[in-house]
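Peer 1: Protein chains in written order, with this note's numbering: chain A, 259 to 484; chain B, 107 to 248; chain C, 10 to 415.
Since the hints were made in silico from the structure, they are not lab data.
Keep in mind that this is a model prediction, so the values were computed, not measured.
Treat each hint with caution, since some may be false.
[Unchecked claim] Derived lysine-lysine pairs resembling DSS-like cross-links, with alpha carbons at most 27 angstroms apart:
1. C:Lys310 / A:Lys347
2. C:Lys226 / C:Lys186
3. A:Lys410 / C:Lys310
4. A:Lys347 / C:Lys311
5. A:Lys347 / C:Lys236
6. B:Lys139 / C:Lys165
7. B:Lys247 / A:Lys410
8. C:Lys253 / B:Lys152
9. B:Lys110 / C:Lys27
10. A:Lys410 / C:Lys275
11. C:Lys138 / C:Lys226
12. B:Lys247 / C:Lys27
13. A:Lys410 / C:Lys186
14. C:Lys138 / C:Lys236
15. C:Lys253 / A:Lys410
16. C:Lys165 / C:Lys275
17. C:Lys236 / B:Lys152
[To be verified] From the structure, some residues in chain B lie toward chain C, with a derived Cβ separation under 8 angstroms:
18. Gly117
19. Ile118
20. Leu204
21. Gly206
22. Glu211
23. Thr212
24. Gln218
25. Tyr224
The C-beta atom is built at its ideal place from N, Cα and C for all residues, glycine as well.
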Amino acid sequence: MSVLLEVKALSKRFSRKDSTGQAFNAVSGVDFLLEEGGFLTVTGHSGSGKTTMLTMLAGLITPSSGEVLFRGTNIFSLSDRRLSHLRSKEISFIPQGAELLGNISIYDNVRSPQLFSGGDAEDSGRVDYLLDFMGIGALAEEYPANLSGGEKRRVAIARALFNRPALILADEPTSDLDPENTVMILDLLKKINAEGTGIVMVTHDENAAACGTMRTCMAGGMLEPC
Amino acid sequence: MKDKSFSWLGGICAVLGMLIVLTPYCIFPVCTKMMQLEGGSFAPMKCFWTARSVLGNGSIIILAGIMTCLCRTYALRAALGVMASAAGMVVVLTPSFLIGVCAGETMRCRMQTAPSLYLLGLLTIVCGLALAWRSARMARKG
Amino acid sequence: MMSRLSPFSLVIGNIARKPFRTFILSSLVAVFCMAMFAGTVIGLKISTGTQLAADRLGADILFVPYGYEKSVQSSLLRGEPSSFYMDRGLVGELRGEKGVLRVTEQLFLATLKASCCSYPVQIIGFNPKTDFVVTPWMNQSLNRAMNENEVVAGCKISGNPGETIRLFGREFSIAAKLDPTGMGFDTSVFMEVDRARRLLLDSELGLLLRIPEGLDKSTFISSVLVKAEPGTDVTSLVNGLSEKYAIRYNLDFTAIADMISSISSKLSVFASVFRMFSAAVWVLAVMILAFVFTIILQERKKEFGILRIVGASKGHVRRLFVGEALLTSCMGAFCGVVLAALALGLFHTYIDVTLNLPRIGIGFGKTLLIGAGVFVMGLVTGPLACLPLLRKLGSIDSYLIMKEGE
Chain A
259 MSVLLEVKAL SKRFSRKDST GQAFNAVSGV DFLLEEGGFL TVTGHSGSGK TTMLTMLAGL
319 ITPSSGEVLF RGTNIFSLSD RRLSHLRSKE ISFIPQGAEL LGNISIYDNV RSPQLFSGGD
379 AEDSGRVDYL LDFMGIGALA EEYPANLSGG EKRRVAIARA LFNRPALILA DEPTSDLDPE
439 NTVMILDLLK KINAEGTGIV MVTHDENAAA CGTMRTCMAG GMLEPC
Chain B
107 MKDKSFSWLG GICAVLGMLI VLTPYCIFPV CTKMMQLEGG SFAPMKCFWT ARSVLGNGSI
167 IILAGIMTCL CRTYALRAAL GVMASAAGMV VVLTPSFLIG VCAGETMRCR MQTAPSLYLL
227 GLLTIVCGLA LAWRSARMAR KG
Chain C
10 MMSRLSPFSL VIGNIARKPF RTFILSSLVA VFCMAMFAGT VIGLKISTGT QLAADRLGAD
70 ILFVPYGYEK SVQSSLLRGE PSSFYMDRGL VGELRGEKGV LRVTEQLFLA TLKASCCSYP
130 VQIIGFNPKT DFVVTPWMNQ SLNRAMNENE VVAGCKISGN PGETIRLFGR EFSIAAKLDP
190 TGMGFDTSVF MEVDRARRLL LDSELGLLLR IPEGLDKSTF ISSVLVKAEP GTDVTSLVNG
250 LSEKYAIRYN LDFTAIADMI SSISSKLSVF ASVFRMFSAA VWVLAVMILA FVFTIILQER
310 KKEFGILRIV GASKGHVRRL FVGEALLTSC MGAFCGVVLA ALALGLFHTY IDVTLNLPRI
370 GIGFGKTLLI GAGVFVMGLV TGPLACLPLL RKLGSIDSYL IMKEGE
């Protein structure tokens, strides 16, 4: 199996905005490998650095040190334009809170990666398929303000799948959801993974953490065995 | 959101209709004096009849605006929009072609009343067309 | 099948979902464009009109009866009819003066306002043998002598060549219509001076127009126009002539160039104030837009974060933000220019009469050019206002945006 994602000594330092002005390491020396089709879950308490690490894997913030190699390429050696293009095509990020673009319909939200990756006529069928796959086909013409939390989460996942990415980075995809929706989302992620998409999921939910094929824990910005 | 835009358009239409009615009588009044004809008798001038005509058309536009706000059917709203546009067109044509106003360039009816009616009529046409177009679009969406 | 989603459709969606905010921002730009368009057109009317007036009048010095200087200005420049009389003897005396090239006389008559729908017309009697003011541009419309019952009418007199006009109870045929001048000549009727004098004396209404005692009723006139010899200092000539004749003939005198420039400078001040007001409105519009865009930026940090997540580069995000500002400005600029053009076009007579502007158009081509220029200025207002924010937009970490949004 080839390596999809390799993380080497990844660190991120922030200066706290208090009277001491002291720096703190949100993420410190993180190393791991993810193979093609792998499913890694990272658990930890709030403030352990899970979201910061995930956001660096997506290239949305730059690390203080370390590398993130996607299929052998250091993503931080790419220009902002090329990295953004990678995000629209190969690496999808599902943010915590499942944020959507409020001024366009659910249909357009799902195909919004098309704005920056290009696309063709075949894509309209893709949107319908994804909406049906997520069980929200009837909501295509609605706007995000009219959807429940669980429905928004499913739209965010559909959006993440639009361009058939090689890697999905999911930040707390089941937080604030009821048990029924939690099970539905986790089943969807397992199904997507079974089709060959690599997943890195951070969660503080122990049950969700059991979905992955590999599991690790994070505390104080460092990975450690659970 | 959808209903609000129709209320706005209907309201604007009604206001325009009101202004059209008020313009030749209150805002920029036309002459009320009579002119003497060849035979010696007196008759109202063109601007008087123009004012009467736009009073009627303005009332139609007010009615179209109010009904737009009250009714719920897209097809009826589209029809009201077309009606308002047509009435607006007549408001534009009345002082310019259908009846006219006094010939003198610095006469009040030519200098103030007629241009005001042209402007209000044009705005009514635009408003009516916007209403008709939006209603037809919503009707097609079902 | 749905059409492809594009950044433009995203911009349209963002603007359409916030109609009130879009309306307010567009209105700011529209107000600026209206003020700028109106100010520029009015300024051009003033300069075109005063230049035309200077060219048309042709004379250097104007003599009128004492106390009627303002009346003749109103008549010549704004077409406000008036009647005043003086002795013709001055004409012969002025011809012999050093520095004087040509002298001619005019007679001003005003018809009365008979009813609410008739309006007084200025009749100008001129001497075809000596005239150098009216004849040069009258010849452009009529290249033969007028007969006894003919007049030449200004462009705003009702009636076409061949039709009749009734003056002081007599019918006259309109021999020709003159081109627009933007001056009082547009609402005047021209006839031979002796004919005009007889018309006045023969009519019943003429009795109401008081002709001063002592004036020769067969030769009285209203004004004398003098053309100076080339190279003559007009001011010195005016001083010399007025010293000699002003008291004897009880006259007011005006150097035409001074009259035009005095009026021109008053109107130009008005036009300058208008332009300064437009500039102030523009600066205010940019500042308010910049302030509002700053608030919008703060409000939409999360949205920009999402755009970065789905693959927007910093350049994409900046272009979207500027695109919205551009589209908002575009709508405002278009509406502003169109509304201003409509208002000026429809109410031009009212505006000219109220503001005492030259009653002349500037031409469709120039108006279009001004409209295009003002539109472009309005178009750039929005993007200019959000320029200072673009750097900030590109430098914010998406992670921080998302966290701030939580």
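Peer 1: Could you tell me which of the hints above the structure violates, numbers in ascending order?
Peer 2: Numbers 2, 5, 8, 10, 13, 15, 17, 18, 19, 20, 21 - these are the hints that the structure violates, sorted from lowest upward.
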